[in-house]
Amino acid sequence: MTYVGKPVKRLYDDKFVTGKSTYVDDIQISALYAGFVRSPYAHAIIKSISLEDALKVPGIVAIYTYKDLEPLIKQGIGIWLTYEDPKLWKFIPRKPLADKKVRYAGEPVAMVIGTDKYAVKDAIDKVTVDYEKLPAVIKMEEALEDKVIVHEELKTNVAFDQSYSAGNVDEAFKNADKIISVEITNKRLIPNPMEPRGIISRYEGGSLTIWYSTQVPHTARFEFSKIFGVPTSKIRVTMPDVGGAFGSKVNILPEDVSVVAASIKLGRAVRWTATRSEEMISSEARHNTFKGEVAVKNDGTVLGIRGELLVDLGAYLTYTAPLQPAIIPLMIPGPYKIRNLHIRSRAVYTNTPPITMYRGASRPEATFIIERIMSNVADELGLDDVTVRERNLIRANEMPYTNPFGLKYDFGDYLALLHEGLEKLRYKQLKEWARAEREKGRKIGVGMAFYLEICGFGPWEFGEVRVSETGDVLVITGGTPHGQGSETAIAQVVADELQIDINRVKVVWGDTETVASSMGTYGSRTAAAAASAAKVAASEVLKKMKSIAAKMLKADVEEIEYKEGVFRVKGSEKSVSWDEIANYAYSSNEPGIYAQVTLPGDVTFPYGVHVAIVEVDDYGIARVLDYKAYDDIGVVINPPLAEGQIHGGATQAVGQALYEEAMINDDGQLVVTYADYFIPTPVEAPKFESYFAEKPHVSAYPTGAKGVGEAALIVGPAVIVRALEDAVGKRFNHTPVKPEEILG
Amino acid sequence: MYPPQFGYYRPTSLADALDFLAGGNVKPLAGGQSLIPMLKFRLLQPKFLLDLNPLKELSHISISEDKVIIGATTRHEELVKSGIVRRDLPLLHQSAMKVGDMQVRNMGTIGGSLANADPSADYPAVVLAYEANLRLVSSKGERVVNVKDFFKGPFTTELREDELLYEIEFPKLEGYKYKYSKVVRRAGDFALVGMAVLAKVDGEIKDIRVSYTGVSDKPFRPFELEKTIIGSKPSLELINKFAEQVITLVKPPSDSRGSSEYRRKVMKILTINTLKEVLGVVS
Amino acid sequence: MLLVRPGEKVKIRVKVNNVWYEREVEPRMLLVHFLRDELGLTGTKIGCDTSTCGACTVIMNGKSVKSCTVLAVQADGAEILTIEGLSQDGKLHPIQEAFKENYALQCGYCTPGMIMQTYYLLKDNPSPSEEEIRDGLHGNICRCTGYQNIIKAVKDASQRLRK
Chain A
23 MTYVGKPVKR LYDDKFVTGK STYVDDIQIS ALYAGFVRSP YAHAIIKSIS
73 LEDALKVPGI VAIYTYKDLE PLIKQGIGIW LTYEDPKLWK FIPRKPLADK
123 KVRYAGEPVA MVIGTDKYAV KDAIDKVTVD YEKLPAVIKM EEALEDKVIV
173 HEELKTNVAF DQSYSAGNVD EAFKNADKII SVEITNKRLI PNPMEPRGII
223 SRYEGGSLTI WYSTQVPHTA RFEFSKIFGV PTSKIRVTMP DVGGAFGSKV
273 NILPEDVSVV AASIKLGRAV RWTATRSEEM ISSEARHNTF KGEVAVKNDG
323 TVLGIRGELL VDLGAYLTYT APLQPAIIPL MIPGPYKIRN LHIRSRAVYT
373 NTPPITMYRG ASRPEATFII ERIMSNVADE LGLDDVTVRE RNLIRANEMP
423 YTNPFGLKYD FGDYLALLHE GLEKLRYKQL KEWARAEREK GRKIGVGMAF
473 YLEICGFGPW EFGEVRVSET GDVLVITGGT PHGQGSETAI AQVVADELQI
523 DINRVKVVWG DTETVASSMG TYGSRTAAAA ASAAKVAASE VLKKMKSIAA
573 KMLKADVEEI EYKEGVFRVK GSEKSVSWDE IANYAYSSNE PGIYAQVTLP
623 GDVTFPYGVH VAIVEVDDYG IARVLDYKAY DDIGVVINPP LAEGQIHGGA
673 TQAVGQALYE EAMINDDGQL VVTYADYFIP TPVEAPKFES YFAEKPHVSA
723 YPTGAKGVGE AALIVGPAVI VRALEDAVGK RFNHTPVKPE EILG
Chain B
32 MYPPQFGYYR PTSLADALDF LAGGNVKPLA GGQSLIPMLK FRLLQPKFLL
82 DLNPLKELSH ISISEDKVII GATTRHEELV KSGIVRRDLP LLHQSAMKVG
132 DMQVRNMGTI GGSLANADPS ADYPAVVLAY EANLRLVSSK GERVVNVKDF
182 FKGPFTTELR EDELLYEIEF PKLEGYKYKY SKVVRRAGDF ALVGMAVLAK
232 VDGEIKDIRV SYTGVSDKPF RPFELEKTII GSKPSLELIN KFAEQVITLV
282 KPPSDSRGSS EYRRKVMKIL TINTLKEVLG VVS
Chain C
5 MLLVRPGEKV KIRVKVNNVW YEREVEPRML LVHFLRDELG LTGTKIGCDT
55 STCGACTVIM NGKSVKSCTV LAVQADGAEI LTIEGLSQDG KLHPIQEAFK
105 ENYALQCGYC TPGMIMQTYY LLKDNPSPSE EEIRDGLHGN ICRCTGYQNI
155 IKAVKDASQR LRK
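Residue numbers (the numbering used here), protein chains in the order written: chain A, 23 to 766; chain B, 32 to 314; chain C, 5 to 167.
Careful, some of the hints might be misleading.
Dumping the calculated DMTMM-like pairs for lysine to aspartate or glutamate here, alpha-carbon to alpha-carbon at most 20 Å [claimed, not checked]:
{"no.": "1", "chain 1": "A", "residue 1": "31", "chain 2": "C", "residue 2": "80"}
{"no.": "2", "chain 1": "B", "residue 1": "129", "chain 2": "C", "residue 2": "136"}
{"no.": "3", "chain 1": "B", "residue 1": "87", "chain 2": "C", "residue 2": "80"}
{"no.": "4", "chain 1": "A", "residue 1": "42", "chain 2": "C", "residue 2": "88"}
{"no.": "5", "chain 1": "B", "residue 1": "208", "chain 2": "B", "residue 2": "162"}
{"no.": "6", "chain 1": "B", "residue 1": "299", "chain 2": "A", "residue 2": "640"}
{"no.": "7", "chain 1": "A", "residue 1": "42", "chain 2": "C", "residue 2": "42"}
{"no.": "8", "chain 1": "A", "residue 1": "28", "chain 2": "C", "residue 2": "105"}
{"no.": "9", "chain 1": "A", "residue 1": "37", "chain 2": "C", "residue 2": "93"}
{"no.": "10", "chain 1": "B", "residue 1": "210", "chain 2": "A", "residue 2": "640"}
{"no.": "11", "chain 1": "B", "residue 1": "183", "chain 2": "B", "residue 2": "162"}
{"no.": "12", "chain 1": "B", "residue 1": "112", "chain 2": "C", "residue 2": "93"}
{"no.": "13", "chain 1": "C", "residue 1": "156", "chain 2": "A", "residue 2": "36"}
{"no.": "14", "chain 1": "B", "residue 1": "129", "chain 2": "C", "residue 2": "128"}
Hints are computed from structural coordinates only; laboratory data are not their basis.
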């Protein structure tokens, strides 16, 4: 019985379907509740804060402002140094509460701590803050002018300004048959996982125990250690069940730091769970514009791209924001043979809620840019989408291919997948069918887009496999699944490696006490990096068990062969079972049947083609009827779970393309609530068809998986916008496209 | 997320409730599907909530020869399930099915929705099309107000502080065609624009009531314009002209769901589509 | 009559999953907080503050309601069924089985509310079409699954329940 490649059911669903799941807000612990007083203004000086009335509310234990927490803070929240280079950035490490000034509407100014959630809210309402309003800069284009500066110490709003050049762009534009201008924008979004984030911190005897709705418990521990000057040996961070994250829970919030600080100051457990309204300002995303030109030949060959990328950071640089402006340009050439590029990438502060990464983290932005370019080129030259991709895709015999910015695409046959995929998804027939339907009066269209993405990030991941005295297997993974089901994939990989019943394998993660080391689950890396580390650890364990078998059977270890739980001396009847070895090992003084592996790894490059059918009604309201995907994600460890990632990512793409916008008004306030930030319901969600390449190109990781978690949101918006264009015959180079724009 | 502190009163009878209401600073609680969200955002800070749910007499669906009378705390779901409503008030029945979602319909009430008077809610336009009579009661007595005089502005009605909506009296309109159309940005949302039509056609239009939600600060009915098409034969030309004129009579709001101009365009197209359907006119 | 002045608490009796509970609560306490914090039944989740997401769905007196939009005091004397009450004697309810079988959950946060609304939907309409399922569940939001597997699970559950 092997498991990899099969539709194995998820291991731990029982607790979720019976209500026995434990997310951070479910943890029943004696703790005080924290709540935050927030600025209603986008930019203001804090003249004074009056706590008198608030402190009188029964049940209030303390109210803290920045000056109360400052002595505890050794340094502010920085950026994710694993992937981000601080030398390229102008930023001020984030303080736990506003100090002297507020820079966005919603910024926490004071923290109220009490014994009752309702009383905390009562007290929040009674805190009076005297603000002196300042002019605010809301639009990122205005921020470039540096008229209103968000962080005076930085003297500019431009936090990042790098140019990415390759080839000879001037030459390319000289040789062009046509030069096409583009302006491509993703408007601000909110990841909005179903579980609003939260944290519980308990400080006793110099040790911190933190329950945290996070994707990166070890990284968080490291950061808290730096921030508070508490040694990591005295900090334990545990990840309870996490109700989705989509990249937003790598972000470390000042509210989180404030809660930890409060627990240290009070010597009591303090907890905070964001309300949905707070979740919506704690982690906003995307918001970027690319303005540029494309040099093309009449046959559709793209000779070069030049332009400016502008990325909104919001009021503060967050832990994960630096990824976007730095990686988007690298992936703009995508899977295409475009060698001449010049892209200036700038990121600016505005007096708006801070921006963080969101599923895809720079690849959706880059893919939307390049795929919109390809489709614009097709339209301008009177060619079809497929021809333009064919003209420009890197060929299989050019692999491995080093892209103009140094990224090495390992293996792949993009052209073959384009053809296989479009045939499997019946693209041509669907295009024809939609055209015929349009003649009957329907506003219905079909669109496609191709993507190459970069994921499976290293630099390493941890895996530990331990066989117990009863022969059961514990996998301690550095991955941190939070809904993807990758813990099941890991169990499948280990069970296959050890040739044992998967029911004997338990997978644990997320606790810094239990897991010696970890990077985490983000960037579609768990099936690649984490499962591979576990696989290698499992193979090490098997080697050790073979050594023990050799000892037990008084043979040389080279003579031992293993099959499905039985260790045998080659060519003899002498054998010993898995359980016997486990038992024997633990009766000696050095059992040793475990292995820890820190597996180095580097990025993978999955690719695919997706197709969507979009229909528009009389009111300009667009509906995605069908969404189809054909992806090469390397080895597919668990097909239904991989498909689930396509379904979920594509539904977020539907949201991004047609429904969701974090609208900020001229006063810098978020003017949508969860009720009108239109996340798709079952009515708006399309029907899905998801296929994986017949002959995938496997990754260099031992599992051969490349990653699928983000793919559909990476390419989906471009697919849907293209289908929409086909339906109504208008051009749209932004998301979301709203009904009134469609109606005209 | 956390309502402010308030007191709570559970009355033993309607009279008891009305006496308490007369005390002032009291908000009635029926289904709570509009009230409780407002309390959670602390948009209201009443001193007391008066629970109407124990008053069984407020929840009824009864018929007489020419009327259907619906008690204020009748839930949306009860209207959907009611054979009487489906048969005798089909327009109301159709609109009840479009309110919110199933969970909201299990708790929310028609009286609560009407008293709340959200400019984008469904029932106000429907009740206006029916020209229903609303019975208002207080400790001082009762009065009947026609729906035409009930809605004053956004979230503002004729109800005085000490009054409760007791029941709504609908006429049974025999032989009327009907349609409630609702354009939404996303399932379960408030109407971007909603339209209620009741029409009696016999070769020519004998009577027509056209009512809108989402286009003004209260439900809108173009009474004068309606009169201009009574006696005419339904035609595409008539409908188009009506649509072109009706949109000039309102200045729809702009908000996160759409701009004023967009709502106006939607109103025009919705009018044409809905009238074509109800009046049986083909393109 | 019952008068509770602002600042006072009121005693309520609520039957949850077949057990009667008696507690003193402020009139403003939401039913979802009562279930989670007073009774420790944390299976019912809080996902939003605008009554949109349905994660808090429970069955009250036979009807599905969003417990974040009901006051605990409204539930005085009521019978409530939460996700914890669905499985009997350690055996999963057919809806719970169907969700597992059909990969109808990922992060699991929307799942209790989704299952309870499914429970009500199938009582109301034992054999719903796909369109009726999508429409019946539009008060429940999922950010992970894209719903297709949830629809399959509901169809599967409707068949299991009709056996």
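Consistency of the hints with the structure:
Distance check on the hinted pair: residue 31 of chain A and residue 80 of chain C sit about 41 Å apart at the alpha-carbon level, beyond 20 Å; violated. Straight-line distance between C-alpha atoms of residue 129 of chain B and residue 136 of chain C comes to about 13 Å, which keeps the hinted pair within the 20 Å bound. A C-alpha spacing of about 16 Å is found between residue 87 of chain B and residue 80 of chain C, which places the hinted pair at or below 20 Å, so the restraint holds. Distance hint between residue 42 of chain A and residue 88 of chain C is fulfilled; the C-alpha atoms sit about 8 Å from each other, no more than 20 Å.
Straight-line distance between C-alpha atoms of residue 208 of chain B and residue 162 of chain B comes to about 16 Å, which keeps the hinted pair within the 20 Å bound. Of the pairs offered as hints, the one joining residue 299 of chain B and residue 640 of chain A holds, with about 11 Å between alpha carbons and a cut-off of 20 Å not exceeded. Restraint check for residue 42 of chain A and residue 42 of chain C: satisfied, since their Cα atoms lie roughly 17 Å apart, inside the 20 Å limit. For the proposed pair residue 28 of chain A and residue 105 of chain C, the alpha carbon gap of about 14 Å is at most 20 Å, so the pair holds.
Using a Cα cut-off of 20 Å, the hinted pair residue 37 of chain A and residue 93 of chain C holds, with the two alpha carbons roughly 15 Å apart. A hinted pair counts as satisfied when its Cα atoms are at most 20 Å apart, and residue 210 of chain B with residue 640 of chain A qualifies at roughly 17 Å. Of the supplied pair hints, the one linking residue 183 of chain B and residue 162 of chain B holds, its CA atoms being roughly 15 Å apart against a limit of 20 Å. Between the alpha carbons of residue 112 of chain B and residue 93 of chain C the distance comes to roughly 34 Å, so the proposed pair goes past 20 Å and is violated.
Between residue 156 of chain C and residue 36 of chain A the CA atoms are separated by roughly 18 Å; this keeps the pair inside 20 Å, and the hint holds. For a cut-off of 20 Å, the pair hint linking residue 129 of chain B to residue 128 of chain C stands: about 17 Å separates their Cα positions.
Figure legend: structure checked against the earlier numbered hints; hints not met, in rising order: 1, 12.
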